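Based on the provided sequences and hints, a complete structural model is requested.
Taken in order, these protein sequences are the chains called A and B.
Note that UniProt numbering has the first sequence beginning at 1, numbered continuously upward.
Note that UniProt numbering has the second sequence beginning at 1, numbered continuously upward.
These are calculated hints, taken from the structure and not from any lab test.
Quick caveat, the model's predicted, so the values are computed rather than measured.
For each residue, glycine too, the CB sits at the ideal point set by N, CA and C.
Take the hints with a grain of salt, since some may be wrong.
Beta-carbon label-pair distances, calculated as ranges [as the list claims (entries may be wrong)]: (1) B/S55 with A/L94: 39 to 47 Å; (2) B/I267 with A/E198: 16 to 24 Å; (3) B/Y244 with A/G22: 56 to 64 Å.
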Amino acid sequence: MSDSSLSQPSRSDRLFSSGSLGEMIFRSLCFSAATLTLVAMAGIIVSLTIGGWPAFKAFGINFFLSSEWNPVSEIYGAAGPIIGTLITSFLALLLALPLAVGISVFLVEFCPVILARPIAVAVELLAGIPSIVYGMWGLFVLAPWFAHYIQFPLLMNLSSDSWLGKMVAGVPNGANILTASLILAIMILPYMASVFRELFLTVPAQVREAAYGLGATPFEVVRSVIIPYVKRGLIGVIMLGLGRALGETMAVTFIIGNTHSLPHSLFDSGSTIASTIANEFTEATSEMHSAALTALGLVLFMITFLVLILARLLIGKRS
Amino acid sequence: MNSNLKRRLINKIFVALCTLSTLLAIGMLALILGSLIINGAGGLHLSVFTQDQPSPGMSGGLRNSIIGSIAMCLAAMIIAVVLGILAGTWLSEYSRNSKYGRAIHFLNDVLLSVPSILVGLFVYEIMVRPFHGFSGFAGAVSLALLAMPIVTRTTEDMLQLQPDTLREAGMGLGASQGLVIRSIIWKAAAPGLLTGGLLGFARISGETAPLLFTALGNQFLTFNMSEPMGSLPTTIFQFAMSAYDDWRNLAWVGALLIAMAVLTINILGRVMTRGGKR
Numbered sequence: 001m002s003d004s005s006l007s008q009p010s011r012s013d014r015l016f017s018s019g020s021l022g023e024m025i026f027r028s029l030c031f032s033a034a035t036l037t038l039v040a041m042a043g044i045i046v047s048l049t050i051g052g053w054p055a056f057k058a059f060g061i062n063f064f065l066s067s068e069w070n071p072v073s074e075i076y077g078a079a080g081p082i083i084g085t086l087i088t089s090f091l092a093l094l095l096a097l098p099l100a101v102g103i104s105v106f107l108v109e110f111c112p113v114i115l116a117r118p119i120a121v122a123v124e125l126l127a128g129i130p131s132i133v134y135g136m137w138g139l140f141v142l143a144p145w146f147a148h149y150i151q152f153p154l155l156m157n158l159s160s161d162s163w164l165g166k167m168v169a170g171v172p173n174g175a176n177i178l179t180a181s182l183i184l185a186i187m188i189l190p191y192m193a194s195v196f197r198e199l200f201l202t203v204p205a206q207v208r209e210a211a212y213g214l215g216a217t218p219f220e221v222v223r224s225v226i227i228p229y230v231k232r233g234l235i236g237v238i239m240l241g242l243g244r245a246l247g248e249t250m251a252v253t254f255i256i257g258n259t260h261s262l263p264h265s266l267f268d269s270g271s272t273i274a275s276t277i278a279n280e281f282t283e284a285t286s287e288m289h290s291a292a293l294t295a296l297g298l299v300l301f302m303i304t305f306l307v308l309i310l311a312r313l314l315i316g317k318r319s
Numbered sequence: 001m002n003s004n005l006k007r008r009l010i011n012k013i014f015v016a017l018c019t020l021s022t023l024l025a026i027g028m029l030a031l032i033l034g035s036l037i038i039n040g041a042g043g044l045h046l047s048v049f050t051q052d053q054p055s056p057g058m059s060g061g062l063r064n065s066i067i068g069s070i071a072m073c074l075a076a077m078i079i080a081v082v083l084g085i086l087a088g089t090w091l092s093e094y095s096r097n098s099k100y101g102r103a104i105h106f107l108n109d110v111l112l113s114v115p116s117i118l119v120g121l122f123v124y125e126i127m128v129r130p131f132h133g134f135s136g137f138a139g140a141v142s143l144a145l146l147a148m149p150i151v152t153r154t155t156e157d158m159l160q161l162q163p164d165t166l167r168e169a170g171m172g173l174g175a176s177q178g179l180v181i182r183s184i185i186w187k188a189a190a191p192g193l194l195t196g197g198l199l200g201f202a203r204i205s206g207e208t209a210p211l212l213f214t215a216l217g218n219q220f221l222t223f224n225m226s227e228p229m230g231s232l233p234t235t236i237f238q239f240a241m242s243a244y245d246d247w248r249n250l251a252w253v254g255a256l257l258i259a260m261a262v263l264t265i266n267i268l269g270r271v272m273t274r275g276g277k278r
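Written out as structure tokens, the structure is:
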């Protein structure tokens, strides 16, 4: 807004002269609704902290270091789910990143104009599919296929002592860390691709055309002009993609196998923080079990919050 | 000459890889929609909408879940749209350049990316635990908390797109700021506000995780939102994880219904945004 005094009278003006009763009610309604955001955020943090406190108090640092999660003997160590969350999210990011860059470059640089919009919409539709649908698809389509065509042949042909053999050890049912990461990658891919595309479109046409005019190939334009131009934003979007992968619940719950031990190989079953909460929370009978799950929730909140702050710092500095 | 050849070769490979990744993504969409239709369309009878969820081995439908989903989503959307539009209005019209406004704007962004399962835990702590019972209301509140930040954000963005000359013209005629907002700015931004609502609706209609500990699920039909309430996503979850073939088939039908609903809402929203911008 160019001149704020025009539509925003001074404070006393707002309160008195323009202030019929209706005006004041409307204004304070708007204010209260906005404040509700603050209340909700504070509520989430406070309720997770209070709910999880007994677990932090009982297990201390072992809550993070131990991987023994045993509701029967009431011992809760969350290393398994925490590590599982981090591994699946990073793997998903690793798989999705090159593809997302590829798609957005294709849409911006190479795609015939008539096709660009339909393809962009298709990619965004992929982002709209609910996670439970991804989960079902993963459980009934991806997992059996993966077990039959990839996991089983590898198990048969690799010696279990070799380094590679150890990486792929596990029950060949397709429910494991790698398939969970694959599903996560498919889920964050369209989101990242469509934001990358918007970022790439912010590069001024003159800059790109100048590079082409010097005889650069499209690959060189992307590598040396476009990527450096949007670098900060790119990293920010990557962090946002990571944040989504970290908190994703249902799809992972379907396909990760849900065991609480530390995963020993890529093809081992595991769990994430979100999948553990989704699986056990309604069945938790003891106070300590609910507390441990709520404490896990707080850990997840802290991780996603950190990632979000990092992303915002990186994106914010661009402008 | 040689290096030129190498450059062109690298470029060819790069173009091929980019094209390939696009094809892969579109292939994925086709694969997922395809398996939904193959596995779900066969079971799509009228009985899905007229009968309640069966015991294993019996025939039945998804009526109670569909009605539960609709009831909770509608209640959530009413809450989210009213509060979201008011909050977005405050952020765009009243709070400009204030510190508190910037803080709320930031917190809204955080709320937008809080994992949905944590919203479920929060609502469990404030609504389920104190009253000793799962309920459709608790489910609706958790969904509303997920949709509200989207509506708030879109409202703020859309209102800020309206030119200040519009506000000045209204004020020049002697209208108060609130009147200008309500009868000029909101009207001008109406298509955008609708889009925000649709985006929020698309987000929550497939949500499962927060409903697990708030509405819980209910195998019987109920219209009473103070009782545990079934919903399509939680029923799909329960049925898909079960060992019974007929339950799994119903889960596929449910997944097909939900995917179609969400995709339709998404496309509707897209069409409307385009209309609004022109």
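Hints and how they fare:
{"no.": "1", "hint": "B/S55 with A/L94: 39 to 47 Å", "in the structure": "holds, 44 Å"}
{"no.": "2", "hint": "B/I267 with A/E198: 16 to 24 Å", "in the structure": "holds, 19 Å"}
{"no.": "3", "hint": "B/Y244 with A/G22: 56 to 64 Å", "in the structure": "holds, 59 Å"}
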